[in-house]
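Chains D and V supply the protein sequences, listed in that same order.
Everything in the first sequence is counted per the numbering used here, starting at 1 for the first residue and increasing by one.
Everything in the second sequence is counted per the numbering used here, starting at 1 for the first residue and increasing by one.
These are calculated hints, taken from the structure and not from any lab test.
Be careful, since some hints might not be right.
Any copy will do: because identical chains look the same in the list, a pair fits if it lies in one copy or spans two.
[Claimed, not checked] The list that follows gives simulated cross-link-like pairs (lysine-lysine, DSSO-like), each with its CA atoms no further than 27 Å apart: (1) Lys196 - Lys276; (2) Lys162 - Lys27; (3) Lys234 - Lys88; (4) Lys27 - Lys151; (5) Lys88 - Lys224; (6) Lys66 - Lys234; (7) Lys34 - Lys234; (8) Lys287 - Lys33; (9) Lys92 - Lys224; (10) Lys91 - Lys224; (11) Lys266 - Lys34; (12) Lys66 - Lys162; (13) Lys111 - Lys56; (14) Lys56 - Lys266; (15) Lys98 - Lys224; (16) Lys234 - Lys56; (17) Lys151 - Lys62; (18) Lys92 - Lys66; (19) Lys66 - Lys56; (20) Lys212 - Lys88; (21) Lys234 - Lys33; (22) Lys91 - Lys62; (23) Lys234 - Lys276; (24) Lys172 - Lys34; (25) Lys250 - Lys34; (26) Lys34 - Lys91; (27) Lys56 - Lys81; (28) Lys81 - Lys276.
Number of protein chains: 2
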Amino acid sequence: MKYDIAIIGGGPAGYTAAERAAAGGLKTVIFEKKAIGGVCLNEGCIPTKTLLYSAKLLDHAKSAAKYGISVPDGISFNLEKIIDRKDKVVKKLTGGVKMTVQSYGAELIEKEAVIAGESDGLIQILAGGGIYEVTYLLVCTGSDTVVPPIKGLSEVDYWTSKEALEMTVLPKSLAIIGGGVIGMEFASFFNSMGVKVSVIEMMPEILGAMDKETSAMLRTEYQKRGVDFQLNSKVTEVSPSGVTIEKAGKSVLIEAEKILVSAGRKANLSQVGLDKLNVELARNGVKVDEHMLTSHPHVYACGDITGHSMLAHTAIRESEVA
Amino acid sequence: MKYDIAIIGGGPAGYTAAERAAAGGLKTVIFEKKAIGGVCLNEGCIPTKTLLYSAKLLDHAKSAAKYGISVPDGISFNLEKIIDRKDKVVKKLTGGVKMTVQSYGAELIEKEAVIAGESDGLIQILAGGGIYEVTYLLVCTGSDTVVPPIKGLSEVDYWTSKEALEMTVLPKSLAIIGGGVIGMEFASFFNSMGVKVSVIEMMPEILGAMDKETSAMLRTEYQKRGVDFQLNSKVTEVSPSGVTIEKAGKSVLIEAEKILVSAGRKANLSQVGLDKLNVELARNGVKVDEHMLTSHPHVYACGDITGHSMLAHTAIRESEVA
């Protein structure tokens with residue numbers, strides 16, 4: 001089968017590009033091995049925000065009296081219902097993206113795609129037993145959670161953000177390794193749900209590159225609500241009792257029933273086969289120019305795989321540029 | 001008493017300008033006849049948002065079940081507490097502005113100021129029995145509610161936004177004349193508080209110059225919550241029973257216990273005495289150039305009085321420019 005353009009990866013970068021390419025009259029095929037919508041829609045922003053909205057309503061109900069609103073005693077939450085609503089929102093949105101992509105005329109193949117090579121100016125892609133020959137290729141395979149090599153980690157049943165979103169039972173206590181945006185969103189949610197949360201951050205402040213003053217204000221706010229912060233702390237070991245950190249030269253055990261690793265994400269390069277096309281890599285991902293063109297004249301890349309900001313908005317804009 | 005600069009009006013434009021001028025080393029005096037902070041702080045955005053926050057918490061508590069949060073039956077509100085909190089917020093913020101203005105070294109005179117004239121290159125201002133002689137003058141007297149000449153209006157005890165914010169008892173029903181931003185904020189608040197609200201708008205859509213699609217979405221949302229909209233409707237008369245409108249050639253009575261007039265605001269020009277300095281006026285206010293200079297080489301004007309967007313942010317930026 002021949003196409004003008006193939007897009008590997010159905011996240012925000014991929015599906016936006018597929019819509020644009022198909023709308024522009026190109027014969028377009030898009031491959032997605034897991035779930036259209038990418039991390040943002042399936043295991044990132046959208047489900048997180050859905051959970052956070054329920055948590056906000058719970059917090060609001062609890063604090064309403066201060067604002068002149070009387071809510072009788074006995075506020076509670078139903079975790080099953082909260083999770084059920086999250087799943088429905090994700091399903092509705094992924095369904096919408098799927099329909100939109102197809103309504104533009106792009107063909108959606110829900111299989112893993114691998115680059116096989118190129119000949120006669122066409123790039124060959126294998127997916128689900130079929131061979132696809134394309135003139136142009138756009139790679140948007142996104143990013144994966146970074147799991148740092150921590151002693152003892154492989155022996156405990158830890159969470160990454162993906163598993164945290166799939167939980168159905170709340171732990172009594174949770175140690176979050178990494179105080180970035182994702183870590184803080186989960187800290188907020190689980191704290192509202194009554195879980196004892198500790199955030200462990202290697203740097204002197206949470207939220208990485210964000211404005212220090214704002215980050216400190218946010219941290220103080222969470223501390224008031226009961227979140228424990230361990231800054232300037234290096235994780236040395238994890239065990240079923242919790243996380244051992246080294247802080248100011250001392251070793252401290254942060255007890256926790258569950259551990260959430262949110263130490264960042266890295267470009268997903270390993271399996272797609274970019275080496276078959278000799279595409280040049282940069283430090284954090286695929287090297288691209290300002291038009292998102294890689295070192296190969298017919299191969300573009302965008303989204304998290306370029307190692308840029310790893311946010312859906314960046315991905316969408318990059319795909320528009322591409 | 002001699003000053004480098006006098007500022008008439010202590011709203012966002014005036015107090016920002018006073019801070020800047022004093023910080024820049026000018027001997028500065030600022031006059032405010034009512035309450036420092038202006039309409040925004042005392043009878044506009046701030047108290048409105050404070051009330052709306054309470055209304056939001058009430059709405060959230062009522063709709064929480066959908067999001068997996070169980071709130072027992074019997075949610076109620078305490079209007080007195082809601083109003084009390086609003087008053088405290090306003091008091092705290094006006095106190096803060098007052099302190100800030102004075103901490104920069106500007107002299108604050110809480111009296112009405114009137115321009116008396118000019119001689120020897122100095123402008124004379126009268127306030128509280130004193131005479132102030134200044135080299136430069138910045139006029140930021142803001143705007144007043146427009147009360148259109150509606151038949152019967154002077155015989156009923158109607159509200160403008162100011163009185164609506166001062167209410168202590170909720171009416172059973174409220175007819176809002178004017179579906180602009182201010183009208184819609186009050187529609188939202190009183191609807192949440194259980195008041196039957198009708199919004200009467202002359203134009204085919206609410207929210208004036210805003211994007212039509214967004215305005216229509218917002219209107220549909222409010223309709224779902226029970227707000228009644230009368231678009232393309234001209235008010236012909238008001239009476240103790242409500243508002244009579246003319247819509248598609250027919251006369252209809254919109255019953256309402258209370259009437260809120262929110263038909264816009266107009267520059268406050270009448271009493272300050274700009275005629276004494278022969279300052280030129282434009283259609284909606286004082287005529288100024290891009291540096292906020294009026295036709296008089298030593299008189300500047302900014303904020304609502306220029307008839308521009310009549311928003312506090314515009315006023316603040318204009319005062320920075322001036």
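Against the structure, the hints come out as follows:
Taking the closest pair of Cα atoms, Lys196 and Lys276 never come within 27 Å of each other, the shortest separation being 48 Å inside a single copy and 69 Å across copies. When the C-alpha separation of Lys162 and Lys27 is checked against a cutoff of 27 Å, the pair qualifies neither within a copy, at 34 Å, nor between copies, at 61 Å. When the C-alpha separation of Lys234 and Lys88 is checked against a cutoff of 27 Å, the pair qualifies neither within a copy, at 38 Å, nor between copies, at 45 Å. In this assembly of identical chains, Lys27 and Lys151 lie within 27 Å of each other by CA distance neither inside one copy nor across copies; the values are 49 Å within and 66 Å between.
Proximity of Lys88 and Lys224 under a CA criterion of 27 Å is satisfied inter-copy only: 23 Å between copies versus 33 Å inside one chain copy. Taking the shortest alpha-carbon separations for Lys66 and Lys234, neither the intra-copy value of 40 Å nor the inter-copy value of 41 Å comes in at or below 27 Å. For the identical chains of this complex, Lys34 and Lys234 are neighbours neither inside a copy (34 Å) nor across copies (57 Å), given an alpha-carbon limit of 27 Å. Proximity of Lys287 to Lys33 under the C-alpha cut-off of 27 Å is restricted to the intra-copy arrangement: shortest distance 23 Å within a copy versus 64 Å between copies.
Taking CA atoms no more than 27 Å apart as the test, Lys92 paired with Lys224 passes between copies only; the shortest distance there is 22 Å, against 36 Å inside one copy. Within a single copy, Lys91 and Lys224 get their C-alpha atoms only as close as 35 Å, which misses the 27 Å cut-off; across copies the closest is 25 Å, which meets it. For the homomeric pair Lys266 and Lys34, the shortest alpha-carbon distance inside one copy (18 Å) is at most 27 Å, but the shortest distance between copies (59 Å) is not. For the identical chains of this complex, Lys66 and Lys162 are inter-copy neighbours only, at 24 Å across copies versus 36 Å inside a copy, given an alpha-carbon limit of 27 Å.
Taking CA atoms no more than 27 Å apart as the test, Lys111 paired with Lys56 passes in neither setting, with 38 Å inside one copy and 45 Å between copies. Proximity of Lys56 to Lys266 under the C-alpha cut-off of 27 Å is found in neither arrangement, the shortest distances being 30 Å within a copy and 40 Å between copies. Proximity of Lys98 to Lys224 under the C-alpha cut-off of 27 Å is found in neither arrangement, the shortest distances being 43 Å within a copy and 30 Å between copies. Neither within a single protomer nor between protomers do Lys234 and Lys56 lie at most 27 Å apart by alpha-carbon distance, with minima of 31 Å and 42 Å respectively.
Neither within a single protomer nor between protomers do Lys151 and Lys62 lie at most 27 Å apart by alpha-carbon distance, with minima of 40 Å and 48 Å respectively. Taking CA atoms no more than 27 Å apart as the test, Lys92 paired with Lys66 passes between copies only; the shortest distance there is 16 Å, against 36 Å inside one copy. In this homomeric assembly, Lys66 and Lys56 come within 27 Å of each other (Cα to Cα) both inside a single copy, at 16 Å, and across copies, at 13 Å. Neither within a single protomer nor between protomers do Lys212 and Lys88 lie at most 27 Å apart by alpha-carbon distance, with minima of 37 Å and 30 Å respectively.
For the homomeric pair Lys234 and Lys33, neither the shortest alpha-carbon distance inside one copy (36 Å) nor that between copies (59 Å) is at most 27 Å. Within a single copy, Lys91 and Lys62 get their C-alpha atoms only as close as 30 Å, which misses the 27 Å cut-off; across copies the closest is 26 Å, which meets it. Taking identical chains as interchangeable, the C-alpha atoms of Lys234 and Lys276 are never at most 27 Å apart, the minima being 39 Å within one chain and 72 Å between chains. Taking the shortest Cα distances, Lys172 and Lys34 never come within 27 Å of each other, neither inside one copy (32 Å) nor across copies (55 Å).
In the homo-oligomer, the alpha carbons of Lys250 and Lys34 never lie at most 27 Å apart, since the shortest distance is 44 Å inside one protomer and 60 Å across protomers. Taking the shortest alpha-carbon separations for Lys34 and Lys91, only the intra-copy value of 13 Å comes in at or below 27 Å, while the best inter-copy value is 56 Å. For a Cα distance limit of 27 Å, the shortest separation of Lys56 from Lys81 qualifies both inside one copy, at 15 Å, and across copies, at 22 Å. Proximity of Lys81 and Lys276 under a CA criterion of 27 Å is satisfied in neither setting, with 47 Å inside one chain copy and 70 Å between copies.
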